[in-house]
Every structure is written in structure tokens, then in C-alpha cells.
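*Asks:* Top line first, the protein sequences correspond to chains Z and W.
Going by the numbering used here, 15 is the number at position 26 of the first sequence; the sequence numbering is gapless.
Convert by adding 2 to the 1-based position in the second sequence; the result is the number in the numbering used here.
It is worth saying that the hints were derived from the structure and are not from the lab.
One should not assume that every hint holds.
[Stated by the list, open to error] Listed below are the simulated EDC-like cross-link pairs for lysine to aspartate or glutamate, each with C-alpha atoms no more than 16 Å apart in a straight line:
1. Z/LYS(-2) to W/GLU14
2. Z/LYS(-9) to W/GLU29
3. Z/LYS(-2) to W/GLU67
4. Z/LYS(-9) to W/GLU114
5. Z/LYS(-2) to W/GLU107
6. Z/LYS(-9) to W/ASP118
7. W/LYS34 to Z/ASP159
As a plain string of letters, each chain reads:
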Amino acid sequence: MKPRLLEIKQGVLSKNDELAAGLRQRFAEAQVFVLNLVSSPGAGKTTFLQQTLVGLRQRGYSVAALVGDLETDNDAQRLAQSGAPVKQIVTAGNCHLEAQMIETFIEDWDLTRFDFLFIENVGNLVCPSSYDLGEAMRVVLLSTTEGEDKPLKYPPMFFSSDLAVITKIDIADAVEFDRQAALTNLERVHPGIPVLEVSAKKDIGMEAWLDLLAQRLEAFRAVETVTD
Amino acid sequence: MHELSIALNLIEIAETAAHNAGAARVETVYLKLGVFSGVVKEALFFAYDTATKGTLLEGSRLEIEDVPLVVYCPTCQQEVELPSIQQFQCPVCGTPAAEIRRGTELELTTMEIMSDETETA
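The task is simple: from the sequences and hints, build the whole structure.
*Replies:* So this is what it looks like as C-alpha cells:
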């Protein structure tokens, strides 16, 4: 027996990255704008997404959603009430979604039917940051009931997101939410990150969010058409 | 806790490479780990020891090289190391700087394997 050095130089998550790149290509060809929603558990992802699906459908968009959860399909049932096609991905203990799961679950969907596809990730601010799902936009939710220092505790998640949405803004005063501290912390870990403040329940700020989605979809399709 | 998933991915890549090289066993696995990779080193060590059982990597050593967070400062026009991952601001001039150059690595760089002399001769 003799020792030998082998050079590898391979990213540990390269398999996921390759699958995600393939998905991104497919989404571009199908002209569907895909969003990855991340947050800690209880930040209000499902309520926010439910109202988003309803709002987009009222504006005439075709939408669909994939929902990741450790167990149960409660969230999918809630979201399906919006009338949009929804599938639950039960990760059975896995703390994040991976590109492979997305690929499997969209298999029998004709993506060209959709304008928007939402992926609600597992409630967790750590692990999902490492896994690209081929999304065009990553949105991180931060609720007023959480500490304002969440961005400082989970910098990679907030850094890797393209937009931050502060949820449950209707109860900000009651829970003594320090808005300025939250904005400062977001800016510290992700200079220039756009921030929206909403209450899905009380329909505050949702129009601005839907306007933003409409704009992003238009810009996405303009780019994709040019490269075709 | 996704360090177990990470460890399993790492082991899969390493075992395939070791197998292709005709290794009898793996001695050491060298990994570059950025401080901004989102991976907790201690959890990864623990997961590695557990997950390598019964593989070519059983009993091998995981050697981790920490990579600091380095960004490009548009004002200083040079790469600067950030003292904290909680503040994307140039420590020299105070300009917000978010163009990451290093620090997100999670890369299997090299492996030390043991192979039969007859096969390598």
C-alpha cells in the first residue's frame, strides 16, 4: 500500500447546482417566473402566499405553488383554496428543499401554462440558503413578531435573497417592533436589498408587492425574449 | 441542520473519486470551507464521522481549511477581508461592499488515498 494525493476540486453541492441550472433554463424557456420563499417557521409564509395567489389570479395571471414542509399537507390544502394548482412536498425531516425535489414535483406540469410558480421552502433560515432551486428571485420574509436582529443571526440567508418582506406589519406597534433597527440590520447584511412591508391579513402593502411581481415578470420575459 | 446532507454529498463525491482511482481506503479529505457557506464546522465533523461508517472513507480524517469572507470594495478598488459576516462594509473606508470574492466555498479540494502498489505500478 502506498499513499497518493488526488486532486478533486469539486463543489460539494455541485450536483444540486447543476440540477438548479437545468431548472433555471427550463423555467426561462417556459417563460415562467419562479420565486423561492424562505423564512423562519411562523413568519407568515403561507398566509402571505395565499393572498398573493388570490391577488395574482384576480389580475388575470396563471399561478402555481409548491410547498415544502417537514410533515403534513396542511399548507397545501390552505393554498389550494386560492384555486391555483398546488403540490405539497413532504420532506420527511429534511430541513430544506433541493433542486432534485423540484424537478420531480413539476414533472407532470406544463410550465408554459403558468406566469408565476411559487416555491414555499421549509421554514428555516439556515439550510435553504445553500440550495439553489433554479429560482429567478429569492424572497426572505421577516415578521414583526420575530426579533429585529434576525438578519444578523442568519446573514447568508438574508444576503442571498433578492428582496426582504416584513410581514404582520399590522401588529407592529402591539409587539413593539423596532422598524428602524430591522431596516438597519437588513442593510448591514445586504446593502441595497429592497424591502417591502406588508400585512397579508389586513391587505396592507399587498398591492405594491403584486405590482412589483408584475414588473419583474415583464422584465424577465423581456430579457428571455432578447436572448432567444 | 443540513450538515448531514452536506456530509453525504461530500462522501458520495469522495467515494466515487477514490473508487475510480483504485483506492483501498481514504486517509484524509481536504475541504475548503468559507465562513459564509452557511455550514457549521463542528456539526459537519460530527456528521462526517457518522456518515463515513461502512464506506471507503471510514476512519479517514476530515481536514478543513477555513476561508475568510473577502469582498471587493468599490471605493478602495481592492479586495478586503471582512472582520464580521454581519456587516458588509469595507473595514478601511466604510463603504457598503457586497461583491463577495471569497468565503462561500464548500469545496472538496484534495484527497489522500491508499492504493495497492501493484495497481499504481
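*Asks:* May I ask which of the numbered hints given earlier this structure violates, with the numbers listed in increasing order?
*Replies:* 7
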